[in-house]
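*Asks:* Take these sequences, add in the hints, and give me the full structure.
If you read the sequences in order, they're chains P and G.
Our numbering runs 2 ahead of the 1-based position in the first sequence.
Our numbering runs 198 ahead of the 1-based position in the second sequence.
I should point out that these hints are in silico values taken from the structure, not numbers from a laboratory.
Honestly, I wouldn't trust all of these hints.
Dumping the calculated DMTMM-like pairs for lysine to aspartate or glutamate here, alpha-carbon to alpha-carbon at most 25 Å [as the list claims (entries may be wrong)]: (1) G:K299 with G:E339; (2) G:K299 with P:E353; (3) P:K227 with P:D407; (4) P:K52 with P:D35; (5) P:K227 with P:D309; (6) P:K134 with P:D67; (7) P:K40 with G:E339; (8) P:K411 with G:E297; (9) G:K299 with P:E28; (10) G:K299 with P:E426; (11) P:K226 with P:E325; (12) P:K411 with P:E392; (13) P:K227 with P:E392; (14) G:K299 with P:D35; (15) G:K299 with P:E325; (16) P:K411 with G:D337; (17) P:K52 with G:E297; (18) P:K252 with P:E331; (19) P:K52 with P:D101; (20) P:K226 with P:E353; (21) G:K299 with P:E186; (22) P:K40 with G:D337; (23) P:K40 with G:D239; (24) P:K226 with P:E331; (25) P:K411 with G:D281; (26) P:K40 with P:D309.
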Amino acid sequence: MTPEQVRQAQATVDRALGRTEVNPYEMFCAQVDLAGEKLGYPADTLEMVKRPERVLEVSVPVRMDDGRIEVFTGYRVQHSSARGPYKGGIRYSLGVTLDEVKALAGWMTWKCAVVDIPLGGGKGGVVCDPTKLSEGELERLTRRYTAMILPLIGPHHDIPAPDVNTNSRIMNWVMDTATALRGEPMYGIVTGKDLPVGGARGRREATGRGVVIVIEELLSRLGKKIAGATVAVQGFGNVGSVAAQLLHQKGARVVGVSDVSGTLYSPAGLDIPGLLAHVARSPRRLIAGYTAPGVEALPGPDVLTLDVDVLVPAALEGQITAENAGRIEAQVIVEGANGPTTPEADLILEERGRMVAPDILANAGGVIVSYFEWVQNLQNFYWGEEETNERLAAILRRAFQGVWDHAQKHDVSLRTSAFMLGLERIVEAIRLRGIFP
Amino acid sequence: MIGGSPSLLLAPTVRAAGLLARALGAAAAREGRDAPGFLADLRAGDPGAQSAFRYALAREFCGYVSGLGSTFRAVYIYGSTMDGRTRPSSDVDIIAWVERKTDTVESLLERLNRVLTQGCRTLTGCGSLQRVFDIHLVDDEDVRGRRGYGSVIASVWTAPVCLWRR
Numbered sequence: 003m004t005p006e007q008v009r010q011a012q013a014t015v016d017r018a019l020g021r022t023e024v025n026p027y028e029m030f031c032a033q034v035d036l037a038g039e040k041l042g043y044p045a046d047t048l049e050m051v052k053r054p055e056r057v058l059e060v061s062v063p064v065r066m067d068d069g070r071i072e073v074f075t076g077y078r079v080q081h082s083s084a085r086g087p088y089k090g091g092i093r094y095s096l097g098v099t100l101d102e103v104k105a106l107a108g109w110m111t112w113k114c115a116v117v118d119i120p121l122g123g124g125k126g127g128v129v130c131d132p133t134k135l136s137e138g139e140l141e142r143l144t145r146r147y148t149a150m151i152l153p154l155i156g157p158h159h160d161i162p163a164p165d166v167n168t169n170s171r172i173m174n175w176v177m178d179t180a181t182a183l184r185g186e187p188m189y190g191i192v193t194g195k196d197l198p199v200g201g202a203r204g205r206r207e208a209t210g211r212g213v214v215i216v217i218e219e220l221l222s223r224l225g226k227k228i229a230g231a232t233v234a235v236q237g238f239g240n241v242g243s244v245a246a247q248l249l250h251q252k253g254a255r256v257v258g259v260s261d262v263s264g265t266l267y268s269p270a271g272l273d274i275p276g277l278l279a280h281v282a283r284s285p286r287r288l289i290a291g292y293t294a295p296g297v298e299a300l301p302g303p304d305v306l307t308l309d310v311d312v313l314v315p316a317a318l319e320g321q322i323t324a325e326n327a328g329r330i331e332a333q334v335i336v337e338g339a340n341g342p343t344t345p346e347a348d349l350i351l352e353e354r355g356r357m358v359a360p361d362i363l364a365n366a367g368g369v370i371v372s373y374f375e376w377v378q379n380l381q382n383f384y385w386g387e388e389e390t391n392e393r394l395a396a397i398l399r400r401a402f403q404g405v406w407d408h409a410q411k412h413d414v415s416l417r418t419s420a421f422m423l424g425l426e427r428i429v430e431a432i433r434l435r436g437i438f439p
Numbered sequence: 199m200i201g202g203s204p205s206l207l208l209a210p211t212v213r214a215a216g217l218l219a220r221a222l223g224a225a226a227a228r229e230g231r232d233a234p235g236f237l238a239d240l241r242a243g244d245p246g247a248q249s250a251f252r253y254a255l256a257r258e259f260c261g262y263v264s265g266l267g268s269t270f271r272a273v274y275i276y277g278s279t280m281d282g283r284t285r286p287s288s289d290v291d292i293i294a295w296v297e298r299k300t301d302t303v304e305s306l307l308e309r310l311n312r313v314l315t316q317g318c319r320t321l322t323g324c325g326s327l328q329r330v331f332d333i334h335l336v337d338d339e340d341v342r343g344r345r346g347y348g349s350v351i352a353s354v355w356t357a358p359v360c361l362w363r364r
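*Replies:* Dropping the structure here:
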């Protein structure tokens, strides 16, 4: 083909496909079908598990600061309540689509089932660009969206949480709006709130803490220990920094960390408390500018290919790709972020004998402590951080054991094992409950 | 809170548009047509265009799997794409020889197939297309023991065409 033919073909296809994106719900269904086939489930059972139980689309009129009324579109998808009340975050983004929300709601059903907490899956979203909204507009949007989905959500029915571009402040507004409209305290209607209004101790550190528990479990299955292991961490936000800190405390040598501002490398191991203090002082909470004897700065993505025992990708999705998977030295990869390994890279890592602890398990610490927050709200009795951490460890260790055993039994990867195990639990709940009427 | 797409919702990173565009361009060039004209032929259900496009898609499939480490050993094609009986809803019959059949390979190929099928339906306007590829995975043992589609590879009477070999 000539360059002109290539250009013409690309333009022709672009015109024909328009803005068609890959449908995440289609990917979700593909995974259910594959896992279901391996477990020998009939097509009608899988159809039931794939489809969301309920989908709500709402229009959200908001009075903007300049006096205009802008009407936003919001969704709440309730995927499955087979194992308990729906649970799942609310995201604010221009990229929110119904198919994305449906897929993410399904993912939450699986995540709760894999770690065996008594919750189902749900998800919500509003199509908006929160960076372009003032504080007042954001609050009015949140309160109106809450009012619009209020018929569906509730402490015993559907419990939202923070997700992309939403945070504790927004969750506080959700709780306050529900409380005002229902005329009674509604702390348990949402998780991820601030501590004084029903938040859980240990929530901020939960995901990073969970990552470390999974590392500990996986290493022990390979006859290794955290103490003395070398580790690289990509991402130094809430997940990566907590994981690095706990690994350091447990005697691991964290030799490399990275964030958007760069990568730091020290073969002798970084002084993580010192680095955390630097980041806390840094105006943008970045690692750039940190200096210490023996520490060198590397080009960004190099942290992934450091010669270490354990790699924790805790930054963004799609970081380990077909291009760099062949150069990953770590024997153990524990996914702190969502989807850091592309499907192609997964194949290459498997061929090279690397063990990958999948995100659905490795970063489940957050949803587990969300569950704890909800339990405490319902009881109006609050635990200390130590109790939270102990219970988190117990649940995650049991979940890891389940996924590990299932992988051995079916000779599949930990990722497929987790999905199969989740599917088994969901189908079992449906079977026990029966079909109404 | 963790953002991004969870692993089980991720599509293969081959962008449907890129792969489809290369296939469309190659098939159009082979048929001596420009891309818009060739797409019009495809949408009209022209059997020659259908065959050429599917053959080009199969070649793109080879290019894709050849970049995935050394898991894939060879790709064969057979059926309607090769004998000119292609219809708009026909799939491309492929035998993919891998070192070992694993859930990770199956998952990747299933997702690839769904992404491409979605793209092809939109591109060609054929909503009845069930799937672009009908992929049969065989491994070393299947080929050695002439089991299932492993026996088809060595068949004298219905030998598939080897499109790519490592």
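*Asks:* Hint by hint, note whether the structure agrees.
*Replies:* Going down the list of hints, with the structure as the test:
no., hint, result
1, G:K299 with G:E339, "10 Å, holds"
2, G:K299 with P:E353, "11 Å, holds"
3, P:K227 with P:D407, "20 Å, holds"
4, P:K52 with P:D35, "9 Å, holds"
5, P:K227 with P:D309, "17 Å, holds"
6, P:K134 with P:D67, "12 Å, holds"
7, P:K40 with G:E339, "20 Å, holds"
8, P:K411 with G:E297, "21 Å, holds"
9, G:K299 with P:E28, "23 Å, holds"
10, G:K299 with P:E426, "23 Å, holds"
11, P:K226 with P:E325, "29 Å, violated"
12, P:K411 with P:E392, "29 Å, violated"
13, P:K227 with P:E392, "20 Å, holds"
14, G:K299 with P:D35, "17 Å, holds"
15, G:K299 with P:E325, "22 Å, holds"
16, P:K411 with G:D337, "21 Å, holds"
17, P:K52 with G:E297, "32 Å, violated"
18, P:K252 with P:E331, "22 Å, holds"
19, P:K52 with P:D101, "12 Å, holds"
20, P:K226 with P:E353, "22 Å, holds"
21, G:K299 with P:E186, "57 Å, violated"
22, P:K40 with G:D337, "18 Å, holds"
23, P:K40 with G:D239, "40 Å, violated"
24, P:K226 with P:E331, "16 Å, holds"
25, P:K411 with G:D281, "43 Å, violated"
26, P:K40 with P:D309, "36 Å, violated"
Hint violations for this structure: numbers 11, 12, 17, 21, 23, 25, 26, all remaining hints satisfied.
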